[in-house]
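A.B. asks: Read off the chains here:
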Amino acid sequence: MKKSDLDKVKIKQIPAQKRTNPFANVFDEFVGFCRSRSMFMLHYCTGCGAIELPPAMTSRFDMERLGIQPMVSPRQADILLITGYVSIKTLKRVILTYEQMAAPKYVIGICSCTVNGGMYWQSYATAKKLDEYFPVDLYIAGCMPRPEAVIEGLQQLMQKIKANEANSWKQYYKNYDYFLGNQQHLFGNNWQTPTDVIGEAETYQLAGPNTLGEHTKILQSVQTPLKPLEMKL
Amino acid sequence: MRPENYQAVNHPPSHEFELNFGPNHPGIEGNFALKVKLQGDIVVEARTDAGYLHRGFEKLMEDRLWIQNIALVPRICVPDPVPMEVCYSLAVEDLANIEVPERAQWIRVLQLELSRIAAHLFFFGGHAATTGMYTPMYWGVADRDLLLDLFEELTGGRIYSIYNLPGGVRQDVPEGFLQRVSDTLDYIDGRLKDYDNLFFTNQIFVKRARGVGTINQQQALDWSVTGPNLRACGLEFDVRRDDPYLIYPQLDFDIPTEQAGDALARTLVRRLEMVESIRIIRQVIKALPDIKGPLRTPIPNPLAWRVPAGESYARVESSKGEVAYYVVSNGGEKPYRVHIRGPSAMHAVQVLEKLAVGSRLEDIAQTIFSLDACPPEVDR
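Sequence lines, in order, name chains A and B. Under the working numbering, the first sequence has 1160 at position 207, and the numbering climbs by one with no breaks. Under the working numbering, the second sequence has 62 at position 54, and the numbering climbs by one with no breaks.
Each hint should be verified, as a subset may be incorrect.
[To be verified] From the derived model, a few chain A residues whose C-beta atoms are all more than 12 Å from chain B:
#: 1; residue: L1019
#: 2; residue: G1020
#: 3; residue: A1154
#: 4; residue: T1169
#: 5; residue: K1170
#: 6; residue: Q1173
[What the hints assert, rightly or not] Listed next, the in silico DSS-like pairs over lysine-lysine satisfying Cα-Cα at most 27 Å (straight line):
#: 7; chain 1: B; residue 1: K362; chain 2: A; residue 2: K1042
#: 8; chain 1: A; residue 1: K1042; chain 2: B; residue 2: K45
#: 9; chain 1: A; residue 1: K1045; chain 2: B; residue 2: K45
Keep in mind that the hints were calculated from the coordinates and are not lab data. Yeah, the Cβ is synthetic: ideal placement off N, Cα and C, and Gly gets one too.
With the sequences and hints as input, model every part of the structure.
C.D. replies: So, in structure tokens, the structure goes:
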């Protein structure tokens, strides 16, 4: 499977949408404010940047004063922090985790390795650019970023959420074919996740011209329909 | 700890089921996983599922210059990176026949022992969190940060210092630095009593950890257990004393041991080691101002440095156990082969798999944290 071409898709930042009803706009602003003030961060340490999270979370830098708390379950988390390099084995789990999270969901890539591979640019085992596989809202560069930088990055994310500009999760539905193509390039054509992303895109009315394509056709041909679990007692 | 009216329930064999423990799990250390087979809540079989952090270090190092690898090696063990740098430098110095100046050796020991205290504080915080006690976690991580500030002042980096080179260290200690180290040690020394009250002698922890994951002396030798985990079984072995490197023979320190070999003993050994490390650093602070001399033996142009052909093996005692580097050179600008012997690969794979069998599911977190395994070093 060849790698998807980014130029064909032209991923753009989705601006904050203004609605015609002024009261609806006020309501949107209120919702953005509330969302930015209570964020649950998924507690998944993917790489070495995770070592700077305990100082950022505990008494010295205290992330909790911003309303950010670690959360163990992806289904109740808002932020997915990718802390450092992602090996191919981890990337499968990260994508499964990302698809399980409830929208709106925000992704932060910490460390240089998530931007372009960092120190491991020639490694055979790591995925180099994170935003080829799922959309990323914000990068915090550095090897590794200090706790102050992590908190600064989270504050920028809060500003983006408040202004309703952190919409990268919509990109995943709008350009699913592109992301799926890169995932298939890495994991093979049999790659599938239990989440029905195309169905979700249609339900959320976020399906666009780039949602379906050649890669989703491959997915639909190999996909086995999910069966209800059989209970044995 | 079981309630007094606890009665074992005999499950029929059909209730055996498999459970994925990790990688996204609060009871696991870092990005690491176990597949356990359970009967009720008793573990029947455990298999580690490593490889989530694999980067192929040994291959990457063959592709970089001798001096570039210094930036790569600390990434192998994230909570305790300094022994990795020092050990690689020792191996390359042995190959190239470089004599390290005495002042550089003392500074290296200062850095190694500071790193050991920092790693033990981090361990103590993490281990406390698995028993549900979150206050020690906050204390341990916050006090470790004071040591990281010292690292930042000395080397410029909080975690990865890249301060040791083949031939010596990069820079001299800043003015007034030794006084600040001394003050920080006084603070941590004073805090140890609070840690004892809060965690190490706390009955909540002691009852929970006693008898969990016991290793006897024969098993420890068979499974190549090293470091504090070995000393928790009553075997007094320490690379610092038994195969000395740097200036450790000139220093006066004890090697604390415990007899039980369980999770509690492993934790207490680390508590006692913090005291010994503080003792060593105090001796370094006393001696360092009188030792004059250069900091680095100059090496030829590092970008075209050809290390003579041969092989060398160097080992140091890290906070997790014995770290060793086997370096082979064919006289080129890059290493021909580097093999890294990390302690966590043994502790987290072959030891944990055996200790988990027969224990309860919730004791796995206790076992893995008390072994102080470091997942990035397991996978490398």
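A.B. asks: Look at each hint and say if it fits the structure.
C.D. replies: Taking the hints in turn, this is what the structure says about them:
For L1019 of chain A, the condition that its CB be more than 12 Å from all CB atoms of chain B holds, with the nearest at approximately 17 Å. Non-interface call for G1020 of chain A relative to chain B: holds, since the shortest CB-CB distance, roughly 18 Å, exceeds 12 Å. Listed as a non-interface residue, A1154 of chain A keeps its Cβ farther than 12 Å from every Cβ of chain B; the least gap is roughly 25 Å. No Cβ of chain B comes within 12 Å of the Cβ of T1169 of chain A; the nearest lies about 27 Å off, and the non-interface call holds.
Non-interface call for K1170 of chain A relative to chain B: holds, since the shortest CB-CB distance, roughly 31 Å, exceeds 12 Å. Distance check on Q1173 of chain A: its Cβ is at least 28 Å (rounded) from any Cβ of chain B, clearing the 12 Å threshold; non-interface status holds. This hinted pair checks out: K362 of chain B and K1042 of chain A have alpha carbons roughly 25 Å apart, not beyond 27 Å. About 22 Å separates the Cα atoms of K1042 of chain A and K45 of chain B, which keeps this hinted pair within 27 Å; it holds.
Annotation: proposed proximity of K1045 of chain A to K45 of chain B holds, straight-line Cα distance about 23 Å (limit 27 Å).
Going through the hint list in order, the structure satisfies each hint without exception.
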